[in-house]
Structure formats: C-alpha cells, structure tokens
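**Student:** Place chain Y on chain B using the hints.
Protein chains: 2
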Amino acid sequence: MSELRKDIISGRWVIIAAERSKRPDDFRPSPAEEKKREPASFCPFCAGNESKTPREVYALRKKGARPDRPGWLVRVVPNKFPALTRGLPPVPHEDGIFRWMNGVGVHEVVIETPDHDRELPDLPVYHIQHVLEAYKLRIISIEEEFQYKYVHVFKNKGREAGASLSHPHSQIVATPIIPKKVNEELYGCERLHRQHGECIVCRIIREETKLGDRLVLGNDHFCVVTPFAPRFPFEMRVYPLRHSPWYTRMSKTESLGLAKILKATLGKLKNILSDPPYNFYIHQGPNPNLVHEAWANLEKSFHWHIEIIPILTRVAGFEWGTGFYINPVPPETAASFLRPSP
Amino acid sequence: MSELRKDIISGRWVIIAAERSKRPDDFRPSPAEEKKREPASFCPFCAGNESKTPREVYALRKKGARPDRPGWLVRVVPNKFPALTRGLPPVPHEDGIFRWMNGVGVHEVVIETPDHDRELPDLPVYHIQHVLEAYKLRIISIEEEFQYKYVHVFKNKGREAGASLSHPHSQIVATPIIPKKVNEELYGCERLHRQHGECIVCRIIREETKLGDRLVLGNDHFCVVTPFAPRFPFEMRVYPLRHSPWYTRMSKTESLGLAKILKATLGKLKNILSDPPYNFYIHQGPNPNLVHEAWANLEKSFHWHIEIIPILTRVAGFEWGTGFYINPVPPETAASFLRPSP
Numbered sequence: 001m002s003e004l005r006k007d008i009i010s011g012r013w014v015i016i017a018a019e020r021s022k023r024p025d026d027f028r029p030s031p032a033e034e035k036k037r038e039p040a041s042f043c044p045f046c047a048g049n050e051s052k053t054p055r056e057v058y059a060l061r062k063k064g065a066r067p068d069r070p071g072w073l074v075r076v077v078p079n080k081f082p083a084l085t086r087g088l089p090p091v092p093h094e095d096g097i098f099r100w101m102n103g104v105g106v107h108e109v110v111i112e113t114p115d116h117d118r119e120l121p122d123l124p125v126y127h128i129q130h131v132l133e134a135y136k137l138r139i140i141s142i143e144e145e146f147q148y149k150y151v152h153v154f155k156n157k158g159r160e161a162g163a164s165l166s167h168p169h170s171q172i173v174a175t176p177i178i179p180k181k182v183n184e185e186l187y188g189c190e191r192l193h194r195q196h197g198e199c200i201v202c203r204i205i206r207e208e209t210k211l212g213d214r215l216v217l218g219n220d221h222f223c224v225v226t227p228f229a230p231r232f233p234f235e236m237r238v239y240p241l242r243h244s245p246w247y248t249r250m251s252k253t254e255s256l257g258l259a260k261i262l263k264a265t266l267g268k269l270k271n272i273l274s275d276p277p278y279n280f281y282i283h284q285g286p287n288p289n290l291v292h293e294a295w296a297n298l299e300k301s302f303h304w305h306i307e308i309i310p311i312l313t314r315v316a317g318f319e320w321g322t323g324f325y326i327n328p329v330p331p332e333t334a335a336s337f338l339r340p341s342p
Numbered sequence: 001m002s003e004l005r006k007d008i009i010s011g012r013w014v015i016i017a018a019e020r021s022k023r024p025d026d027f028r029p030s031p032a033e034e035k036k037r038e039p040a041s042f043c044p045f046c047a048g049n050e051s052k053t054p055r056e057v058y059a060l061r062k063k064g065a066r067p068d069r070p071g072w073l074v075r076v077v078p079n080k081f082p083a084l085t086r087g088l089p090p091v092p093h094e095d096g097i098f099r100w101m102n103g104v105g106v107h108e109v110v111i112e113t114p115d116h117d118r119e120l121p122d123l124p125v126y127h128i129q130h131v132l133e134a135y136k137l138r139i140i141s142i143e144e145e146f147q148y149k150y151v152h153v154f155k156n157k158g159r160e161a162g163a164s165l166s167h168p169h170s171q172i173v174a175t176p177i178i179p180k181k182v183n184e185e186l187y188g189c190e191r192l193h194r195q196h197g198e199c200i201v202c203r204i205i206r207e208e209t210k211l212g213d214r215l216v217l218g219n220d221h222f223c224v225v226t227p228f229a230p231r232f233p234f235e236m237r238v239y240p241l242r243h244s245p246w247y248t249r250m251s252k253t254e255s256l257g258l259a260k261i262l263k264a265t266l267g268k269l270k271n272i273l274s275d276p277p278y279n280f281y282i283h284q285g286p287n288p289n290l291v292h293e294a295w296a297n298l299e300k301s302f303h304w305h306i307e308i309i310p311i312l313t314r315v316a317g318f319e320w321g322t323g324f325y326i327n328p329v330p331p332e333t334a335a336s337f338l339r340p341s342p
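Those sequence lines, one after another, are chains B and Y. Counted from 1, the first sequence has number 120 at position 120 by the working numbering; the numbering is strictly sequential. Counted from 1, the second sequence has number 91 at position 91 by the working numbering; the numbering is strictly sequential.
In isolation and in its complexed conformation, chain B is listed as follows (with noise of 0.2 Å):
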C-alpha cells in the first residue's frame, strides 16, 4: 500500500506510491526502452482485451452483452496500478516532525470507448453524453463510502500530459483528505462570497459574458472562458450557467449541453493547435455525505467548474520556486483564436 505524507512546513501531501520503484533505471528509462513498454500491437483498454484489466465497476453495454466482454460504449475499471487502494479510514500518524497516513483511497480507470483511435472530441455528442454520466455515477458510488472527503476526475491526453497508454481513457481518484487546490478555491470562494454577497463564479460568467473578449463559447447550460489570470496559453475554463457546487446534481439536459460544449471547445484545441497534449479536471465541492458541517457556507458559495490545460509550455525553476507562472499569451488573444469565426 502506498503512503500519504505530509510536508508540515507548506502542509502539501504528496502520495508515494513505493511498489512500482525498482532501480534508477526505471526512471529513466532509455527511448527504446520506454518504446519497448507500451508495444503497439497491444491495448488492455480495447474491445475484445477485457480480461487484460481488473473486473469492470461499470459499464454501459449494448443489448444482452456481458460484463467484461466486448459490447460496451464506456467502460469503467479498477487502475491496475493504484495510487491509492481502498481500505479502512486511515489514521493519522504523527512521529516528531513527520505526518503520514496509509495511502487509502481509490483509483478508477474511464476507458471513454472500445475505439482505440477516436478521441473524445471525435465522439458523437450522445457518447461524450455517456462518458459524463460514468463520471456522475462513479462519484456518487464512490462518495458513499464515507472516509473519502474528495473524488477528483481528470484526464490526460498525450504522453506529455502524462498518459502511460494512449487509448482514450480518463481517471477518477478518491483521497481520504480535500486536496489543497481544492481548499483554497473553497476558502477563495467562500471569503469572496461574504464580501460580495453572491457566488464569486456566477458573477464571474455574468461579467465575462458582458465583455465578450475571453469568452470562447456558450449554450444554454454551459459557457467556456479563458481565465483573467491563466497559468498556461490556451487555459479554459468550463462553467455550468446553473449556480451549484456539485458535479453529480447535474441533471440530463445539461449533461447533454456539457457534452455539446466539451465536444466543440476539445474539437477546437485539436484543430487550432495542432492536437496538443491536456489536461482536464473537475473541481467540485467535497462528498456531500460529509461536508454539511464544516462548509456550512459552501451551498452557496461553490460553483464547480472543468478546467482545461493545454501542455504548451513546461514548467520551470521559476515556476516550481515561486508559484508564479510565466503565459507568453494573453488569455484575451487565446479566446480570439479559438472562438468560431464570425
């Protein structure tokens, strides 16, 4: 089992996830090494490999198919590699000057579908439909089980984005602790939300809606913007139009008007830019079976949202120093590129 630790001077905690460490070689491993790994010929992920991944926690199937065969559209599956494992709420140990607890949690595979070779955007809208409602599902499955304070569901999209296997696929990992990005969006908002006397993020989309010029796209549900102060070039973010902190009150329609806006807006990133490495990750309020006490204000305060990273540039020393980032384009110019042409 891997195991949290705490750094207690900036109380970040990082996840070291031991078994996979072998010899130093396995961190750099040579090219045709790394070639070697993933073999072309084979994808656990697709149609017909089921059995080449732990038994499915989900799937939505065709008519009379079976679990763990073929004739599924999205497929849900334990990581075979976890960061985290599930097990008993674990205990907080503290030695001196150091801070660690089992690394308890979980760890889900969303393969979007059985097609190796067609990316989300490349989806018809009802399937990217699919894959959002396994997301909705599973966090709900999983919010159940209550020593797990926040279920995180991201993607990544390219070997430089961190994807060890190209297949179309996103991930979902429950921690036993809300992540530190997490807490200071919630402390952000709930701060912003007692000194404007609304949620921060709903007058966000009013004012970004009124000055057009980050303003990528919109529906009836949803809108996406580049951010004032993005990290990265081409950084979006994705607002639900509707104020709520949480990801799973979703109802169908607007589900549906996700799909609509993911489609157009990944469409867009993989036309205009070349089809580039990313990264994207829900950012929702903490279970709802836990929170009512210690964010009583959240309610009102949290408006969960997707964002969306483009991997253009790479971090460096300054970044890692200081927690600035340097974006060579203004998020203004970003918009101007990726809104559809008049």
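For the record, the hints were derived by calculation from the structure and aren't laboratory data.
The list treats identical chains as one, so a pair stands whether inside a single copy or across any two.
16 Å max Cα-Cα, derived EDC-like pairs, lysine to aspartate or glutamate:
| # | residue 1 | residue 2 |
| --- | --- | --- |
| 1 | K181 | D7 |
| 2 | K263 | D122 |
| 3 | K210 | D95 |
| 4 | K260 | D122 |
| 5 | K6 | D95 |
| 6 | K270 | D117 |
| 7 | K300 | E190 |
**Tutor:** Structure of chain Y alone, referenced to chain B:
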C-alpha cells in the same frame, strides 16, 4: 511591458508576457521548426558572441579583459526576452473582480562558463564558487532597488526542464510581490517556530542527520537530504548548517562548502540518473531592506536553502487539479542510490 494578473479566488499571480505571442503556430511548432529556432552552430552565450546579448551587468574577468569581450569566467546579462522589466514601483489596479499591475521587475541571465559543453558539475570547485558569488552580488545589487520584494534565483537544465538555450546558465528574476510559494514557507516556518520554539529547518537537519536514511551528503557547512514528503523522484534539499534566512549572508568559506556539495550532488544526478533535465532554485527570505516590519520573526524562523528537482516524471491532471503529487520513488530509496557507496 508584461502584466501581472491576480486570480482572485486562489490569490495566485501570473505574468502575462504578451509581446512574445503571435500566431497559434508559435505555441506549437513542429519538431522541424523547433530545431530551426536554435541552430547548433550559434550560441549567444559562448565566448566571442558577447555582442549578441544585452550589455553585461556583471562579469568575473581575467586580468586585462574588457567588458563585453572574451576573457570572462562568469558573466551576467539582462535577459533579451525578459518576463519582467525595470520600472517605477507598479501601481495595483482594481476593476471590479479584476486585479493587475505592470510587469515591473528584473530578469537576468547568469552565464556560468564561456564553455558551451561544460555543465555545472563538470567545472572545478573554485569556478562553481564564482557562480555562487555572482548570484550573491547580483541579489545584493537588485535588493538595493526597493521596489523588488523578492529575488528568485533558479536554473533550468535541459529542454524538458524549460531551458531554451543549452549553454550552461541560470536566471535571476526579481518580483514586486513575494511569491506565493515563498509566502507559504514563510508562514509555515513562522507557525512552526512558535510551536517548537526553534527553527523547523534546524530541527529537520538535526533529525535527518541522526536518522540518516534520507541523508545524501554532508560537509562542514552544508548537507543534502531527500525530503520526507518529496513531490518528485530524487528531489533534494541543500541546507546550510548555519541558520540564516538570506543566501547573501553566506561567507566565502561557506560558499566554498556549497560549491563542493553542489558539484558532488549534481555530479551524482548526472552519473546515476543518466544526465536528467533538472531545475534548482534558492528559497530565501524576502528583500531584507524591506521586510523588517512585516516579518518581525523572520530572522529566527526562516532558513534559506536550495531545492533540486530532477525531471523524471510528468505532472498531470491529478497534480494540477489537487496540488497533491504522486511520487513513485520513496525518498529513502532515492537517498540510498545517491549516497556515496561505503
């Protein structure tokens, strides 16, 4: 001039360096175009090409050599494409939910050697000490301009670590605000100083030296450890044994000790991990000409140090979204590989 913009929710600042941006292709050049950008035959940092950089602000020269001419050992020049530029103390602007100020600051390049192919650990100890002394002199000089609250010194080695030129160099960026990560450490150290009645880094050094399993190297003035909760495989910290918040207070004897231990540490990295890309940066107290009131306890609570990050894994959607890091190499394993064999 670039612009500093603040994300109101997280409090994070970004530098929008607009003048660098042109067309979307510029942000995702083809491999052929990338190659074209840095012709192997020409390097502005090599001896003889002094006229291709802005005029030097510091150089350690051989006797009789003239400024901006060959004959130097270490040379510091303004960055030709600066992220921040010198100017009047920036006025913070606020318009509704948007916060920004002019991108005022300093951005310099420390050319570590005239020799294109000799990396830091390949240089003799006395030469590395010259580089470290150059950092010191430039920091002191920049700190005399009162509008810069923090001077950040860092090195990007290798393209994957963000270096755009391969000639050995480091960078200095002075900012009008104390960076978020430095602030987090300042607050963390102050809190822990109150709690423990001593500098937390002094305590970490004492405990790590006693335990020994994360200790990599040590001499009379410095030690190198893999931290208890490292974000990255083989991440290291270089700690001065004498408590001090400021790099610039280092004596000549101490900078010799630092040169020796840096040569050994970076040499280890090169040999054991097949010359990986890496970043290092100094974390020190803010501009001592400014901080006396805001950080009354800083002198006692903060302990300057260097953080070294080899680039062996990729930061992905999990890390970006949570601020957690998944590290496949326990620091005890990393230290055992890096330690000199008995």
